[in-house]
Amino acid sequence: MEESTQVFSVDKLKAAIECMLFVTPQPLAIKQIAEALNLDEATVEKALQELRMDYAEGRGLQILHIAGGYQMCTRPEFVDCITALLKPTRTRMSRAALETVAIIAYRQPITQPEIDAIRGVNSDGVVKTLTERNLITQMGRKDSPGRPILYGTTEEFLNHFGLSDLSRLPELTDVTLPEPDQAVLPMEQPAEAPEK
Amino acid sequence: MEESTQVFSVDKLKAAIECMLFVTPQPLAIKQIAEALNLDEATVEKALQELRMDYAEGRGLQILHIAGGYQMCTRPEFVDCITALLKPTRTRMSRAALETVAIIAYRQPITQPEIDAIRGVNSDGVVKTLTERNLITQMGRKDSPGRPILYGTTEEFLNHFGLSDLSRLPELTDVTLPEPDQAVLPMEQPAEAPEK
Amino acid sequence: MAIELIQQSGYTIKLPAFEGPLDLLLHLIRERKVDIYDIPIAEVTEQYISYLSLMESLDLNIAGEFFVMASTLLEIKSRMLLPIPPSEGDNEEGADPRAELIERLLEYERFKNASESLKEFEEERRKVFWRIADDLQNYDAPVMPLNLEAMDLLFALQQMLADVGEGTEEVTSIERQKISLRMKMRQVWGRIKSVPDGIGFRELVDDPKSRIEIVMTFLAILELLRLGKIKARQKKALGEINIQAVKEQ
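Residue numbers (the numbering used here), protein chains in the order written: chain A, 1 to 196; chain B, 1 to 196; chain C, 1 to 249.
Keep in mind that the hints were calculated from the coordinates and are not lab data. A hint or two may mislead.
Below, a sample of chain B positions facing chain C; criterion: calculated Cβ distance under 8 Å [as the list claims (entries may be wrong)]:
1) Met93
2) Ala96
3) Arg119
Yeah, the Cβ is synthetic: ideal placement off N, Cα and C, and Gly gets one too.
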């Protein structure tokens, strides 16, 4: 927008940012807003923070700081209203996807054989689906026989789980999940307590 | 009202409605909101009108009454900000499509031969396109030789033109007097040129 | 919308594109600013036909309806030339031969005007944006008997770890070897099974105080879920997660 070097009043600018956040389904970076409006980032940042304050209380919506940007979303306490409205459309991750993405999040970069070892089942399909859904992505190859692909989580993953960055995941690096090989196949069916 | 007879305060209800309007891309009817919240329509209507008032001024967003429901959208004056950000492509209707859909809107239910007679040309292609775009729909068959299909407009039609219901169509007027200026040849590139 | 033509002479001519014969005819009439109820039929017919031949000479595709109209016009014109038969009462046959055409033109014009209003509405509507639907599509086979999302489990885990706090962390290699996933699963399963109404997630990680314990418990729960031994439910968003043994049939 060239000609738009129109001087925005703060209120007008807030309203413009409100529009932009509203129409953008992904988190929107200050930089993107500033570029579109042809304004400097500091001005945008200031107006955005004011706008966030307006949204801080008594509203159904909020402006979250997510994945390096800002996103307008509903407040968690209204989840039931939304679910009631959308009924069956709201879907959840399958159990397999949930497990797999959790393992990848904590142990990235990780190869599929390593994931399989932890889960005790082949994860081909799930890894493919998660990749298609853009929750995980290939991060190169491991320097080991067969050079298997390494997987890691994406921005979309952060977005989906409402995390501003990976550091917000519980710190697991030092805790160590069971090493793939020693994690053993967890209870092959009858061996253990949960008899069938 | 079963268990969700949670007593909503008006503010809470407004916030809930705000959420629901936000997540629904189509216009949302009072009835749908009332059912999801398990409240009576009058209560919802009242809260919704209050919410609309909150959105009436100084905001980037507004709540429009469209196609029998309510829809949260941006204000027209910020179209440039959004265009700068998203570079959206939105198609305009061709003149043939506009003419045909206008005839259908005012004369529904109407058959294609009747449309053809008014337009003076065959409307096969246009009727097909309008149907595909879900702007018109079949409304049964006429009880006349050949039992031709009757067409009428859809909710999407109202939505496309921003009408709350069919009664908002402009009145059909007869122009019998020669109109001095309007009659000029649109030879010099008229406004509609960019369509193509 | 206009048809652009480049003639041999190098001139560019823009012809308005007409939606049909009525559109063209209406244009010719309105352009002349004559009374539509008293169309100078001979003149208009002549213009109409010369417009058609222009289009023809330019090899434009002309819909058949344009020619039908031409013959209608010619017919009206010839009927106008006939002497008006002595009126026998109110004989409809004696009516103006142009009457029907005028009716059609007026009817067409009404809708043409309406379509212009609609065009304005469309323009206004185009300036306004609403949200596209959130992507709520399924992730994968919908076999999950689970009432909650990964997010909820992860949040729960996060919460738990936060409660433990950084300071009390006593991660050592010794600690690491003490707990295996297998052991944890057995332990968790035992506790869950003992409470028919189910047990809260937090309760399950009640006593262990190290991060690794919590993480192992979490993984054990995931594993038991995977095996279909237990199910997890949540009464409200971000509420306590209740874990229950799946009843064996």
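Practice problem: Tell me if Arg119/B is really an interface residue toward chain C, meaning its C-beta lies closer than 8 Å to one of theirs. | Solution: 6 Å, holds
Quiz item: Hint check: is the beta carbon of Ala96/B less than 8 Å from a beta carbon of chain C?
Solution: Because about 5 Å separates Ala96/B from the closest Cβ in chain C, which is inside the 8 Å limit, the hint holds.
Quiz item: Taking the closest Cβ pair, is Met93/B under 8 Å from chain C?
Solution: With a minimum Cβ separation of about 6 Å from chain C (threshold 8 Å), the hint on Met93/B holds.
The structure is consistent with each of the numbered hints, conforming to all of them.
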